[in-house]
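Modelling step: build the complete structure from the supplied sequences, incorporating the hints.
Numbering (our numbering), first residue to last: 18 to 178.
No wet-lab data here; the hints were simulated from the structure.
Possibly wrong hints are sitting among the right ones.
[Unchecked claim] Label pairs and their calculated CB-CB ranges:
1) Gly130 x Gly20: 45 to 55 Å
2) His24 x Asp178: 49 to 59 Å
3) Ile153 x Gly21: 41 to 51 Å
4) Thr71 x Gly172: 50 to 60 Å
5) Pro148 x Ala41: 32 to 42 Å
6) Pro151 x Pro22: 33 to 43 Å
7) Ile153 x Asp23: 38 to 48 Å
8) Pro22 x Gly130: 24 to 34 Å
9) Arg60 x Gly130: 34 to 44 Å
From the three backbone atoms N, C-alpha and C, an ideal C-beta is built for every residue, glycine too.
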Amino acid sequence: MQGGPDHPETLTTRGNLACLQGEAGDPAGAATAFDQLFADMVRVLGPDHPNTLTTRHEIARWRGQAGDPASAAAAFDQLLADQLRKLGPDHPYTFATRYNLAYLQGEAGDPAGAATAFDQLLADMVRVLGPNDPAILTTRNKLARLRGQVGDPDGAVAAFD
18 MQGGPDHPET LTTRGNLACL QGEAGDPAGA ATAFDQLFAD MVRVLGPDHP NTLTTRHEIA
78 RWRGQAGDPA SAAAAFDQLL ADQLRKLGPD HPYTFATRYN LAYLQGEAGD PAGAATAFDQ
138 LLADMVRVLG PNDPAILTTR NKLARLRGQV GDPDGAVAAF D
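This is the structure in C-alpha coordinates:
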(Lines of atoms letter the chains of each structure in order from A and count residues from 1; the text may use other names and numbers.)
(Lines give C-alpha, C1' and ligand atoms only; values in the text may rest on other atoms or scores of the structure.)
Protein backbone atom coordinates (compact mmCIF):
# COMPACT_ATOMS: atom_id res chain seq x y z
CA MET A 1 0.00 0.00 0.00
CA GLN A 2 1.35 3.39 -0.98
CA GLY A 3 1.31 6.21 1.54
CA GLY A 4 3.50 8.82 3.05
CA PRO A 5 3.28 12.53 3.74
CA ASP A 6 2.70 13.49 0.09
CA HIS A 7 0.00 10.93 -0.64
CA PRO A 8 -3.27 12.61 -1.64
CA GLU A 9 -5.16 10.79 1.10
CA THR A 10 -2.65 12.02 3.68
CA LEU A 11 -3.16 15.57 2.44
CA THR A 12 -6.94 15.12 2.63
CA THR A 13 -6.65 13.79 6.18
CA ARG A 14 -4.58 16.81 7.18
CA GLY A 15 -7.30 19.07 5.79
CA ASN A 16 -9.97 17.17 7.70
CA LEU A 17 -7.96 17.49 10.90
CA ALA A 18 -7.52 21.22 10.36
CA CYS A 19 -11.28 21.63 9.91
CA LEU A 20 -11.94 19.68 13.09
CA GLN A 21 -9.43 21.86 14.92
CA GLY A 22 -11.40 24.94 13.88
CA GLU A 23 -14.74 23.36 14.70
CA ALA A 24 -13.38 22.42 18.13
CA GLY A 25 -12.84 26.10 18.90
CA ASP A 26 -9.39 26.88 17.53
CA PRO A 27 -9.98 28.81 14.30
CA ALA A 28 -6.53 30.45 14.38
CA GLY A 29 -4.92 27.02 14.71
CA ALA A 30 -7.03 25.76 11.82
CA ALA A 31 -5.90 28.68 9.64
CA THR A 32 -2.27 27.93 10.52
CA ALA A 33 -2.73 24.22 9.79
CA PHE A 34 -4.28 25.04 6.41
CA ASP A 35 -1.43 27.48 5.66
CA GLN A 36 1.04 24.65 6.26
CA LEU A 37 -1.04 22.22 4.20
CA PHE A 38 -1.27 24.72 1.35
CA ALA A 39 2.48 24.71 0.77
CA ASP A 40 2.44 20.93 0.43
CA MET A 41 -0.66 20.97 -1.80
CA VAL A 42 1.03 23.37 -4.23
CA ARG A 43 4.21 21.28 -4.24
CA VAL A 44 2.39 17.96 -4.74
CA LEU A 45 -0.73 18.85 -6.74
CA GLY A 46 0.01 22.27 -8.22
CA PRO A 47 -1.53 25.68 -7.62
CA ASP A 48 -4.65 25.15 -9.76
CA HIS A 49 -5.66 21.70 -8.55
CA PRO A 50 -9.21 21.73 -7.15
CA ASN A 51 -7.97 20.49 -3.75
CA THR A 52 -5.39 23.28 -3.64
CA LEU A 53 -8.09 25.86 -4.40
CA THR A 54 -10.26 24.33 -1.67
CA THR A 55 -7.36 24.61 0.78
CA ARG A 56 -7.06 28.31 -0.05
CA HIS A 57 -10.78 28.68 0.60
CA GLU A 58 -10.37 27.05 4.00
CA ILE A 59 -7.42 29.31 4.90
CA ALA A 60 -9.56 32.36 4.21
CA ARG A 61 -12.60 30.93 5.99
CA TRP A 62 -10.70 30.15 9.18
CA ARG A 63 -8.91 33.51 9.15
CA GLY A 64 -12.34 35.12 9.15
CA GLN A 65 -13.53 32.83 11.93
CA ALA A 66 -10.40 33.76 13.91
CA GLY A 67 -11.43 37.42 13.87
CA ASP A 68 -9.41 38.76 10.95
CA PRO A 69 -12.05 39.69 8.37
CA ALA A 70 -9.76 42.01 6.40
CA SER A 71 -7.11 39.32 5.85
CA ALA A 72 -9.79 36.75 5.08
CA ALA A 73 -11.43 39.07 2.55
CA ALA A 74 -8.06 39.68 0.86
CA ALA A 75 -7.46 35.91 0.67
CA PHE A 76 -10.93 35.34 -0.80
CA ASP A 77 -10.34 38.14 -3.32
CA GLN A 78 -7.11 36.51 -4.50
CA LEU A 79 -8.78 33.10 -4.63
CA LEU A 80 -11.69 34.51 -6.63
CA ALA A 81 -9.36 35.71 -9.39
CA ASP A 82 -7.94 32.20 -9.77
CA GLN A 83 -11.35 30.53 -9.57
CA LEU A 84 -12.71 32.79 -12.28
CA ARG A 85 -9.77 31.82 -14.47
CA LYS A 86 -9.89 28.10 -13.66
CA LEU A 87 -13.56 27.35 -12.92
CA GLY A 88 -15.42 30.22 -14.55
CA PRO A 89 -17.91 32.72 -13.14
CA ASP A 90 -20.86 30.34 -12.82
CA HIS A 91 -19.21 27.50 -10.87
CA PRO A 92 -20.69 26.77 -7.42
CA TYR A 93 -17.28 27.21 -5.77
CA THR A 94 -16.91 30.61 -7.42
CA PHE A 95 -20.32 31.57 -6.06
CA ALA A 96 -19.30 30.38 -2.58
CA THR A 97 -16.14 32.49 -2.70
CA ARG A 98 -18.09 35.54 -3.85
CA TYR A 99 -20.57 35.00 -1.01
CA ASN A 100 -17.81 34.76 1.58
CA LEU A 101 -15.98 37.75 0.14
CA ALA A 102 -19.13 39.90 0.29
CA TYR A 103 -19.91 38.70 3.81
CA LEU A 104 -16.41 39.56 5.04
CA GLN A 105 -16.54 42.92 3.30
CA GLY A 106 -19.52 43.71 5.52
CA GLU A 107 -17.77 42.33 8.60
CA ALA A 108 -14.73 44.49 7.83
CA GLY A 109 -16.86 47.65 7.98
CA ASP A 110 -18.28 48.14 4.48
CA PRO A 111 -21.94 47.03 4.64
CA ALA A 112 -22.90 49.17 1.62
CA GLY A 113 -20.20 47.58 -0.53
CA ALA A 114 -21.18 44.16 0.78
CA ALA A 115 -24.83 44.80 -0.12
CA THR A 116 -23.79 45.76 -3.65
CA ALA A 117 -21.67 42.61 -3.96
CA PHE A 118 -24.54 40.44 -2.66
CA ASP A 119 -26.95 42.11 -5.08
CA GLN A 120 -24.66 41.26 -8.02
CA LEU A 121 -24.11 37.73 -6.70
CA LEU A 122 -27.84 37.19 -6.28
CA ALA A 123 -28.54 38.19 -9.89
CA ASP A 124 -25.90 35.73 -11.15
CA MET A 125 -27.12 32.94 -8.88
CA VAL A 126 -30.74 33.35 -10.00
CA ARG A 127 -29.60 33.36 -13.63
CA VAL A 128 -27.60 30.14 -13.22
CA LEU A 129 -29.42 28.23 -10.47
CA GLY A 130 -32.97 29.45 -10.91
CA PRO A 131 -35.08 31.29 -8.37
CA ASN A 132 -35.89 28.26 -6.19
CA ASP A 133 -32.40 27.06 -5.31
CA PRO A 134 -31.88 26.97 -1.50
CA ALA A 135 -28.69 29.02 -1.80
CA ILE A 136 -30.79 31.86 -3.22
CA LEU A 137 -32.74 32.20 0.03
CA THR A 138 -29.54 32.40 2.07
CA THR A 139 -28.15 35.08 -0.22
CA ARG A 140 -31.42 37.05 -0.21
CA ASN A 141 -31.46 36.92 3.59
CA LYS A 142 -27.92 38.28 3.87
CA LEU A 143 -28.68 41.01 1.30
CA ALA A 144 -31.82 42.06 3.18
CA ARG A 145 -29.92 42.24 6.47
CA LEU A 146 -27.21 44.42 4.95
CA ARG A 147 -29.70 46.74 3.27
CA GLY A 148 -31.38 47.19 6.63
CA GLN A 149 -27.99 47.95 8.21
CA VAL A 150 -27.31 50.75 5.76
CA GLY A 151 -30.71 52.35 6.38
CA ASP A 152 -32.65 50.99 3.40
CA PRO A 153 -35.69 49.20 4.89
CA ASP A 154 -37.54 49.27 1.55
CA GLY A 155 -34.52 47.66 -0.13
CA ALA A 156 -34.38 45.08 2.65
CA VAL A 157 -37.99 44.07 1.95
CA ALA A 158 -37.39 44.13 -1.80
CA ALA A 159 -34.49 41.72 -1.43
CA PHE A 160 -37.02 38.96 -0.83
CA ASP A 161 -38.99 39.63 -4.03
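Against the structure, the hints come out as follows:
no.	hint	verdict
1	Gly130 x Gly20: 45 to 55 Å	holds (47 Å)
2	His24 x Asp178: 49 to 59 Å	holds (50 Å)
3	Ile153 x Gly21: 41 to 51 Å	holds (44 Å)
4	Thr71 x Gly172: 50 to 60 Å	violated (34 Å)
5	Pro148 x Ala41: 32 to 42 Å	holds (38 Å)
6	Pro151 x Pro22: 33 to 43 Å	holds (38 Å)
7	Ile153 x Asp23: 38 to 48 Å	holds (40 Å)
8	Pro22 x Gly130: 24 to 34 Å	violated (42 Å)
9	Arg60 x Gly130: 34 to 44 Å	holds (36 Å)
Checked against the numbered hints given earlier, this structure breaks hints 4 and 8; the rest are met.
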